[in-house]
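For chain A, the structure is supplied; the task is to place chain B on it using the hints.
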Amino acid sequence: QQQVKQSPQSLIVQKGGISIINCAYENTAFDYFPWYQQFPGKGPALLIAIRPDVSEKKEGRFTISFNKSAKQFSLHIMDSQPGDSATYFCAASRKTSYDKVIFGPGTSLSVIP
Amino acid sequence: DAGVTQSPTHLIKTRGQQVTLRCSPKSGHDTVSWYQQALGQGPQFIFQYYEEEERQRGNFPDRFSGHQFPNYSSELNVNALLLGDSALYLCASSLAGYNQPQHFGDGTRLSIL
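Sequence lines, in order, name chains A and B.
Residue 37 is where the first sequence starts when you use the working numbering, and the numbers rise one by one after that.
Residue 5 is where the second sequence starts when you use the working numbering, and the numbers rise one by one after that.
Honestly, the hints are just simulated from the structure, not real lab data.
Certain hints may be false.
Stated by the list, open to error - Derived DMTMM-like pairs: lysine to aspartate or glutamate, alpha-carbon spacing no greater than 25 Å straight-line: (1) Lys78/A x Asp34/B; (2) Lys51/A x Asp115/A; (3) Lys41/A x Asp89/B; (4) Lys78/A x Asp110/B; (5) Lys104/A x Asp110/B; (6) Lys41/A x Asp34/B.
So here's chain A without its partners, still in its complex pose (with noise of 0.2 Å):
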């Protein structure tokens, strides 16, 4: 139940064109849904994150999908670029503010010229 699943673990997409990741969870109780994109080296950064109330969420190239019955959620790059070449985690929380973040086992998206 503190699962969340992430597909595919590696992604190859050619420049300018649309990378898509896949996520899904089993807790209900899950109600924040952050991504985080990390590069070899780094910690995690936060990209992007939405909530269950709201169905789409677009941060320039970046866009979150989430549907709410399915359990789903997906991160869509448009227009990729290799400096988009990095691991991207999701990651699931619930609503009080000390619970822990639970994240996805990680897609590496590698973005070829």
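Chain B only, in chain A's frame:
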């Protein structure tokens, strides 16, 4: 404005030894969480500190302990090190409150020989 800083950057220990990792939170943050990230995996929540008390704990043995100081900085202690403790240890800080975003440091890479 300094972000989350962790020390040391790298550390090599042998089995059975003890280790202390340190974290200074982002200015203004009062909550510190620790995560363990094994190679190729997502971060796993260890515990969280607020007002110098452990508020939440993940599925980690008692060999993992921590402390938060009045200036909000924090330490992670691991006793009786095992080979499986080799990982990147990440510290994240946040403000106390509803789903406040966590800001991560770049971690301490711990290698156990």
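Hint check results:
{"no.": "1", "hint": "Lys78/A x Asp34/B", "in the structure": "22 Å, holds"}
{"no.": "2", "hint": "Lys51/A x Asp115/A", "in the structure": "7 Å, holds"}
{"no.": "3", "hint": "Lys41/A x Asp89/B", "in the structure": "24 Å, holds"}
{"no.": "4", "hint": "Lys78/A x Asp110/B", "in the structure": "5 Å, holds"}
{"no.": "5", "hint": "Lys104/A x Asp110/B", "in the structure": "33 Å, violated"}
{"no.": "6", "hint": "Lys41/A x Asp34/B", "in the structure": "30 Å, violated"}
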